[in-house]
Every structure is written in structure tokens, then in C-alpha cells.
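Based on the provided sequences and hints, a complete structural model is requested.
Residue numbers (our numbering), protein chains in the order written: chain A, 1 to 152; chain B, 1 to 260.
To be clear, the hints were calculated from the coordinates, so they are not data collected in a lab. In this text the structure is predicted, and so the values were computed from the model without any measurement. Ideal Cβ positions, reconstructed from N, Cα and C, are used throughout, including at glycine. Heads up, some of the hints might be wrong.
Stated by the list, open to error - Heads up, simulated DSSO-like pairs for lysine-lysine below, C-alpha to C-alpha not over 30 Å straight-line: (1) A:K76 with B:K195; (2) A:K85 with A:K144; (3) A:K144 with A:K124; (4) A:K57 with A:K76; (5) A:K149 with A:K57; (6) B:K195 with A:K57.
As the list claims (entries may be wrong) - Partial chain B-side listing against chain A, Cβ under 10 Å, derived: (7) I5; (8) L8; (9) P41; (10) V52; (11) Q84; (12) A91; (13) V95; (14) L157; (15) F161; (16) V164; (17) W167; (18) S183; (19) F194.
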Amino acid sequence: MRMRTMEIGVGFLMLAGAVALVVLALNISGLSLADQGGGYRIYARFENIGGLTARAKVAMSGVQIGEVTAIRLDPKFLVAEVEMKIRDDVDYLSTDSSAQILTAGLLGEQYIGITPGAEEENLKDGDRIQDTQSALVLEDLIGKFLFNKVSE
Amino acid sequence: MLDWIQTLGQNALSRLAAFGRAGQLLLQSLVARPAPFTMFPLLVQQLYFVGVLSLVIIVVSGGFIGMVLGLQGYTILVDYGSEQAVGQMVALSLVRELAPVVTALLFAGRAGSALTAEIGLMKATEQLASLEMIGVDPLRRVIAPRFWAGFISMPILTVIFSVVGVWGGAIVAVDWLGIYEGSFWANMQHSVDFKEDVLNGIIKSIVFGAVVTWIAVFEGYDCVPTSEGISQATTRTVVFSSLAVLGLDFILTALMFGEL
Numbered sequence: 001m002r003m004r005t006m007e008i009g010v011g012f013l014m015l016a017g018a019v020a021l022v023v024l025a026l027n028i029s030g031l032s033l034a035d036q037g038g039g040y041r042i043y044a045r046f047e048n049i050g051g052l053t054a055r056a057k058v059a060m061s062g063v064q065i066g067e068v069t070a071i072r073l074d075p076k077f078l079v080a081e082v083e084m085k086i087r088d089d090v091d092y093l094s095t096d097s098s099a100q101i102l103t104a105g106l107l108g109e110q111y112i113g114i115t116p117g118a119e120e121e122n123l124k125d126g127d128r129i130q131d132t133q134s135a136l137v138l139e140d141l142i143g144k145f146l147f148n149k150v151s152e
Numbered sequence: 001m002l003d004w005i006q007t008l009g010q011n012a013l014s015r016l017a018a019f020g021r022a023g024q025l026l027l028q029s030l031v032a033r034p035a036p037f038t039m040f041p042l043l044v045q046q047l048y049f050v051g052v053l054s055l056v057i058i059v060v061s062g063g064f065i066g067m068v069l070g071l072q073g074y075t076i077l078v079d080y081g082s083e084q085a086v087g088q089m090v091a092l093s094l095v096r097e098l099a100p101v102v103t104a105l106l107f108a109g110r111a112g113s114a115l116t117a118e119i120g121l122m123k124a125t126e127q128l129a130s131l132e133m134i135g136v137d138p139l140r141r142v143i144a145p146r147f148w149a150g151f152i153s154m155p156i157l158t159v160i161f162s163v164v165g166v167w168g169g170a171i172v173a174v175d176w177l178g179i180y181e182g183s184f185w186a187n188m189q190h191s192v193d194f195k196e197d198v199l200n201g202i203i204k205s206i207v208f209g210a211v212v213t214w215i216a217v218f219e220g221y222d223c224v225p226t227s228e229g230i231s232q233a234t235t236r237t238v239v240f241s242s243l244a245v246l247g248l249d250f251i252l253t254a255l256m257f258g259e260l
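Printed below as a string of C-alpha cells:
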């Protein structure tokens, strides 16, 4: 076989490998090249974070606008404090926005949903969201339901 | 009784000697490095035979394995009402396990056996000896390019296998079974991590590529130079490299994901 045919074949193999690696990185593992940029941090206290973890997404109307960067226990108020990083271009969250912990699907990951408020002023770096709603814990729900049944 | 013990000892010694010869072969063909410029055309030739010609079987089996995973995953997950998770199931099982292992097994059958038979026949027809006679080191001329070709093409084939498999799974799950496309891909992207999953799969495939080619080349180089010897060597290549791949896969998985 001629050398040229082989070289073309090998070049094609290399190219296919490179393309496949890029597809694997960007399309399948969702590695994005541009999102390691800046952002501003806001905080929120939750009574119960359920299964929320760091790197969970922060979304508004289902559109991702940031991610959870850290979760710690607030020793003064004895509730969980969640630190999240919001993308810089989303600078129009009003100070009375509320944060909820939601679940994507039945068995899906938990994420934070932000509902905008009506205030003129916007959240800045280091601000805190006051109005929060905890994760839905199934055991609590069943407990309440049973309690209601008994008291009827 | 004593005879039996003697056979045992003989076997053990010949195994050990084979291991030693294999290590020597590896060292001599890789560390005693050939000049890269004279090797390059040979390497291209071997990459063509080992890599490009294996592409078809890799693509076809990758597609079918992805499709089967999609179907099986769907029928199980639909019982729990979470059929959106098919995407992450297909992608994770392919990227972590199936792509490296199945590619290595196919590679051992498709390319490894051919390498053994080719080198074995070269030995039987005394081509290797005549190369030595005219002052060309057969390790440099014959063994090293083949080894590098296997080493290079295995990760490439594995990555292609993964992508084609995920694509096959997406065809079945999204186009035929009607899972919502957005949640299929979003779940997959959310759960597959580039470093944890993709890179570890590629590391696995590099290890498998090295082991499979090493076994294939050594069996060919070390075979008894008769037609029977070549057939035995080819069989041994496929059997040993399949066993080595499966065993190593367990060890690598335990190291990477098992927190042992």
C-alpha cells in the first residue's frame, strides 16, 4: 500500500481522536472553558439544606446563574450558611430576592432557586439573602401528614 | 512424586524466565531508543495497521454497546420514574469502564493477535535473523514501532468508542424512546466529571494499550518458530491479554474509584 494512503489514514485517526476528546470534554462531561471567571459572593441561611452540596447550581427561573461554593454551620444562629458565587453579568438581583432549595426531578440533584423581589436596590458582593426556604425533607413531610391525620 | 515436583519447578522457572525475557524485550526496544526520524515511517505504517484498521470494529461495537445500554437502562429506570437518568448511566458506565475494557479486548483480538502472528512468522521464516545478519537491530526495526503504535492508538480508540457509544445511547433514548433531550444531556454533563471520569478512563486505556501490545509483541518474538508454535502464541496473546486487561481493570478501578 502506498505511504500516502497510510499517512492520510493515520492523520484521520488522530483527528478523530482529538475531536472525540473535545466532544467528551465539552459535551459529555460538561467541562466549560470560560466559566472559571469572576463572580460575586452572596450568602443565605437555611434551616435545613437537605442534600445540597458544594458545586450545586444556583438558578433563577431554571437558568443557571451561579454555583454553591461553600456550606458551613453558623455557630451563632445554629443554622446552615450557604455561600454562593453569582456570575458577574447577573447584577440585577434585588435585595429582597428569596432563595429556595429545590430538587431537580424525583431523584435529581438539589439546587438553589432564586426568586427575584421588587426592591430597587440590588444585591452586592457579601450581601445576604434574608428570605429563604429550606429543602423539602420527606421524613418531615410524612411526619406532618401523620400528625394531621391523628388530630383530625 | 519427585517427578511431579520437578515438573512444577520446571514450569515455575520457565514462567519466570519468560517474564524476564519480556521485561528485557520491553527495555531494549524502548529504552535503547531508535532514532525517531528513521522510525517515523515505520511507526506510521504500524499505526495504520494497528489503529486505523481497528477503527471500524471499534465504532460499530461502541455504537451497539451504547444502544444496548440505553435500552437496558431505560427499561430499568422507567420503573422508578427516573428515565432521565439514562444519560448519566450510559455515559458513566461507558467512560469509566466499558470503553477502556471492551476496546482493549477488541484490540487484543483484532490487532494483538495479528501482531503476534506477523512477528512469529517473521521469526519462523528467519526474517528476524537475516535482519540481524545485515546489521539491523530487529528490536528497533520491528518491535519498537509496533509497540509504540499500540501504545498510541489505544487511548484514541477508547475515546472514539466512548463518544460513539454515548451517541448510540442518545439515539435510542432520545430519538426512539422519547426522553427529553435537554434532561438527558444535562444529567449527563452534571454527573460526568472530566478529571474523575474521563481522564481516569484514558489512563486505564493507556495502561491496557501498553499491556496488550507488550504481551502481543513478546509472544510473537518469543514463540517457537514452527507453524504450531505460532498458533499457540497467537492463542496465548488473546487469552493472556484478555485476562490481564480484566484483572488490571479491577485493580485500577479500586485505586481510582474504590477508595481502597
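Results for each hint:
As the CA atoms of A:K76 and B:K195 are separated by approximately 38 Å, the hinted pair breaks the 30 Å bound. At most 30 Å may separate the alpha-carbon atoms for a hinted pair to count; A:K85 and A:K144 exceed this at roughly 34 Å. Between A:K144 and A:K124 the CA atoms are separated by roughly 38 Å; this puts the pair beyond 30 Å, and the hint is violated. At roughly 27 Å between alpha-carbon atoms, A:K57 and A:K76 fall within 30 Å of each other, so this suggested pair holds.
Of the supplied pair hints, the one linking A:K149 and A:K57 is violated, its CA atoms being roughly 37 Å apart against a limit of 30 Å. Among the hinted pairs, B:K195 with A:K57 is consistent with the structure: their alpha-carbon atoms are about 19 Å apart, no more than 30 Å. Interface hint at B:I5: violated, since its Cβ lies 52 Å from the closest Cβ of chain A, which is beyond the 10 Å cut-off. The beta carbon of B:L8 comes no nearer than 46 Å to any beta carbon in chain A, farther than 10 Å, and the hint placing it at the interface is violated.
With a cut of 10 Å, the hint placing B:P41 at the interface with chain A holds, because the nearest CB-to-CB distance is about 7 Å. Checking B:V52 against chain A by beta carbon gives a least distance of about 4 Å; that is within 10 Å, so the hint holds. The beta carbon of B:Q84 comes within 6 Å of a beta carbon in chain A, closer than 10 Å, and the hint placing it at the interface holds. With its C-beta approaching chain A no nearer than about 5 Å, B:A91 sits inside the 10 Å limit, and its interface hint holds.
Look at B:V95: its Cβ gets to within about 7 Å of chain A, closer than 10 Å, so that hint holds up. With a cut of 10 Å, the hint placing B:L157 at the interface with chain A holds, because the nearest CB-to-CB distance is about 8 Å. Interface restraint check for B:F161: the shortest CB-CB distance to chain A comes to about 9 Å, inside 10 Å, so the restraint holds. With a cut of 10 Å, the hint placing B:V164 at the interface with chain A holds, because the nearest CB-to-CB distance is about 8 Å.
Taking 10 Å as the C-beta cut-off, the interface hint given for B:W167 holds, the closest approach to chain A being about 9 Å. With 10 Å as the threshold, the beta carbon of B:S183 comes within range of chain A, its nearest partner Cβ sitting at about 7 Å, so the hint holds. Contact between B:F194 and chain A, as hinted, is supported at the beta carbon level, the nearest pair being about 4 Å apart and thus within 10 Å.
Going down the numbered hints, you'll see the structure goes against 1, 2, 3, 5, 7 and 8, while the others check out.
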